[in-house]
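Build out the structure end to end from the sequences listed, making use of the hints.
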Amino acid sequence: MSTAGFPLERIRNFCIIAHIDHGKSTLSDRLLELTGTIEQRQMTDQVLDSMDLEREKGITIKAKAVRMLYRHSDGQEYELNLIDTPGHVDFSYEVSHALSACEGAILVVDATQGIEAQTLANLYLAIDKDLDIVPVVNKIDLPSARPDEVAEELEKLIGCAAEEVLQVSAKEGTHIESVLPAVIAHIRPPEGETDAPLRALIFDSHYDPYKGVIAYLRVVDGTVRAAQPLLLMSSDKVFEALETGIFHPDMRPIDALHAGEVGYIATGLKTVRECRVGDTVTTQADGAGEPLFGYRPPKPMVFAGIYPVDNDDYQALREALEKLQLNDASLIYEPESSVALNQGFRCGFLGLLHMEIVQERLEREYNLDLIATSPSVEYQVLKRNGETILVDNPEELPDESAIEEIREPWMHITIYTPPDYIGTLMDLATTRRGEYIRMDYLDEHRVALEFNIPLSEILVDFHDELKARSRGYGSLDYTFSSYRAADLTKMTVLVNEEPVDALSIIIHRDQAYHKGSAMVRKMKEVIPPQMFKVPIQAAVGGKVVARANVQELRKDVLAKCYGGDITRKRKLLEKQKEGKKRMKRVGKVEIPQEAFMAVLKLED
Amino acid sequence: MRSSHRQTAGLYIHIPFCDSKCWYCDFTSFVGREGVFEPYLGALRRELLLRLPAWSQVTFDSLYVGGGTPTVIPASLLADFIGQTLALIPKTHDIEVTVEANPSTLDEAAVRKLLDAGVNRLSIGVQSWHSEELARLGRRHSPQAASVAIAAAHSAGCTNISLDLMLGLPAQTTSTWDETLQRSLALQPEHLSVYTLTLEPDTPLAHEAQTTTLDLPDDERCAELYAMARNSLAQAGYGHYELSNWARRRQDESADARYPGFAARHNLHYWHNERYLGLGVAAFSFDGLTRWGNTCLLDEYLAVLSQNRLPVSEQESLSGREALGETIMLGLRLLDGVYWDELTDRYAIDARALYARQIAGLSAEGLLEADALGMRLMPRALYVANRVLSEFV
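Taken in order, these protein sequences are the chains called A and B.
Just so you know, the first sequence maps onto residues 1 to 604 in the numbering used here.
Just so you know, the second sequence maps onto residues 1001 to 1393 in the numbering used here.
A few of these clues could be false.
As the list claims (entries may be wrong) - Simulated restraints, written as ranges between beta carbons of each label pair:
1) Glu-396(A) - Ser-1319(B): 41 to 49 Å
2) Leu-1216(B) - Arg-407(A): 53 to 61 Å
3) Gly-1366(B) - Leu-382(A): 46 to 54 Å
4) Glu-574(A) - Leu-1088(B): 35 to 43 Å
5) Met-1378(B) - Pro-499(A): 27 to 35 Å
To be verified - Selected chain B positions facing chain A (in silico; Cβ < 10 Å):
6) Thr-1196
7) Arg-1291
8) Glu-1314
9) Gly-1325
10) Leu-1330
11) Tyr-1383
12) Ala-1385
Hints listed in this document are in silico derivations from the structure and should not be mistaken for laboratory results.
In this text, all values refer to a predicted model and were calculated from it rather than measured experimentally.
A virtual CB, placed ideally from N, CA and C, is assigned to each residue, including glycine.
If you want it as structure tokens, here you go:
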């Protein structure tokens, strides 16, 4: 591959933005095939999503950048850098940096679903970054597709002509050949001076055990090569790149990356913390004076304790978190101890999906058996002595007598829905303490509803409920709004007369009875029958507000095994044992993971 | 050290035929295949001959002919087959030879033929002494038939009879169960097995349970019925030696014998995780290292053996540690439990250290008793043995 650098006018840097499940990854795959970047027979579905978990959950967690070479109808070869972005709202921080590395974006919209919340959220981010937009309607092969209507929606939204909107089926390959010519025609080539001091944006990274942190770069000015002292501008960290290269889609070393190009450098750094997404790379000698952007660390929104089921695994969990953090700069953790669960870690996540992914990766990739406590938001507590502290763990809430005021985070949410579901979604938001702000008709099919709402109210099953009430058509976008005072208190749960600190939650005082009885009912359901009678109580301020008893285990014996089929017998027992994983012994009672998450489903 | 620590082994022969299928049964058995009785016995014989060379170092001390219902095969045919089998295998002088029977398929002449062929133990599926309970299981026999069959076995000279009973049956009450126990004891069987009804998927009874209320006793009630069995059988002098099995002592037996004299020798091989050779459709075998299972398809079994090939359809080999876990899982079903020195001899693994955490936890719960010799279930754990056993697999 050429090392002298492509002429800028024949480079395009672009990403694909879409609402989740609108077919972004499938479209990426088709483009990789079409350009011969990857052979069709090597394709596993959705090549860019390399983590198993991503493929299973059908989401792209880490942005990727692939260089494709494409011979255009003008006879020239173009260098097309496709930067993949995560679609879920939990990862909008990663999205914004991926967008900064591009001049344009393909906006993919499902021909059956139309414009959804993250279509708009990502589109607005892209417009903020001044990207050129290539609108594409996907899934035209589906019987319920209405591509012309969706194209008109797009015309209203971004002012393109409806007839210019490409209509494709990435799954079937229909009209896929029209996409790259549109990218070349409508997205501007990068600008930048190869002779200027180096400025390169780190828009993503991953950790490689041999080469250290691999930083994904968009070179804005100058040239970056290996074996040259480089500087990270926000941390003043100096290092020497071991290698520069591109993704094709696997890593391929090349001599240098020039202004306008996208690729990677192997930094040799040990953690992604030292090499943060959003930072600017320059040369140590004669470097740039100003970074490209002000660095802003990602802000965790959701906090939970993560504990090993087996206390002996504490060190292994620490090491696993360290390794995971090498690849996930938005994961934060610190040691925490719990009377019930012993030693573990308080972790901060971007959202519930992020939390779920981290827990699954820890369990799957590091073979750990874990308990996660119920997730909490971060409260501001103003104490009577004038001090303000942040509390993300109910157990750290000071004694009520010492508290002047507790404030909880509120979000500004926008719900996009067909007009049919306005009533039920209004009801959903207001019963969760949402404050109505306004309603806009985007067109006759689509309404945007805006609310302010406490984060704790939308943390759990709000999105599922929204989907259920709108038959899958509603979608949600949110941003942080402000902290507001509220009448909050801690609810403690006692199992077998002992308070289980990891089950405490912070609730509204006037919901104490309702939540207390829902909590004990749920606990009674999820704690398996025990060898003896186990009372469960919910208490607020030392007063029991609800109680129930766990069932006693009376009989559990396997029947006859015929003809020596011991394997089957063992498998039955193994299955039973499997069911006991993710259970934590607290005192004399085995409490399953579901119990710690019970608080999530109190409304069922 | 992986091979079984004793040189004796059990031989199991599966007869997959029945007059009718009971509504709870999910074992491999076929109805209406009388035409293949003889070819099937021929195939069993070929399978035995194919297997014997590899088992020549072993002495069989038990032969168990199970099913299905072995006694649906005409008695002279079955007796001849058993006699020929015994003639072919290396065996101990006192080999236990058991045949499973349904009450409705047993008469005095038939028993006599079996005894003459070398059978010395009958296992009779009585299940219940209540006609209504039997009818709801799809059993063809009446309580009267069971009495007649057992009397016939006695008068034919059978001196070792085991009865199978079931608890947890639809509409079963403490009083019907007490009657079943008392009527069984009145016949003074040498051995009793008491199994809890399990609803196996895809059986007629399981389907019925989904569509109607079967009036099955709940766990609480089953625990009560099991406790009744323990009391009644202990009072009648039976030794409770395995979760579901009781046996009388022999007159000449020493008081400190590990198991009552009439304990099922064949099943002890399973519970000790010792070697056994299984012949026939769906039969399993274990040679001390590897376990294998035969095809469940009757026609395939016949076809494969007609070409003198082995009908194995599944196989697994266990590591020493897995085998140790299984030996404990099986051994703890015996009330005598497992012994550290025996485990160490067999697997060269210190089981006590390996499972220290599980043992400590279960002991603290009052489910397990561990001492310098070994470990065993505590009485309360007999009701919830799975809780204990699942810790070791």
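Tested hints:
no.	hint	verdict
1	Glu-396(A) - Ser-1319(B): 41 to 49 Å	46 Å, holds
2	Leu-1216(B) - Arg-407(A): 53 to 61 Å	55 Å, holds
3	Gly-1366(B) - Leu-382(A): 46 to 54 Å	50 Å, holds
4	Glu-574(A) - Leu-1088(B): 35 to 43 Å	37 Å, holds
5	Met-1378(B) - Pro-499(A): 27 to 35 Å	30 Å, holds
6	Thr-1196	6 Å, holds
7	Arg-1291	6 Å, holds
8	Glu-1314	8 Å, holds
9	Gly-1325	8 Å, holds
10	Leu-1330	7 Å, holds
11	Tyr-1383	5 Å, holds
12	Ala-1385	5 Å, holds
Of the hints listed earlier, there is not a single one the structure fails to meet.
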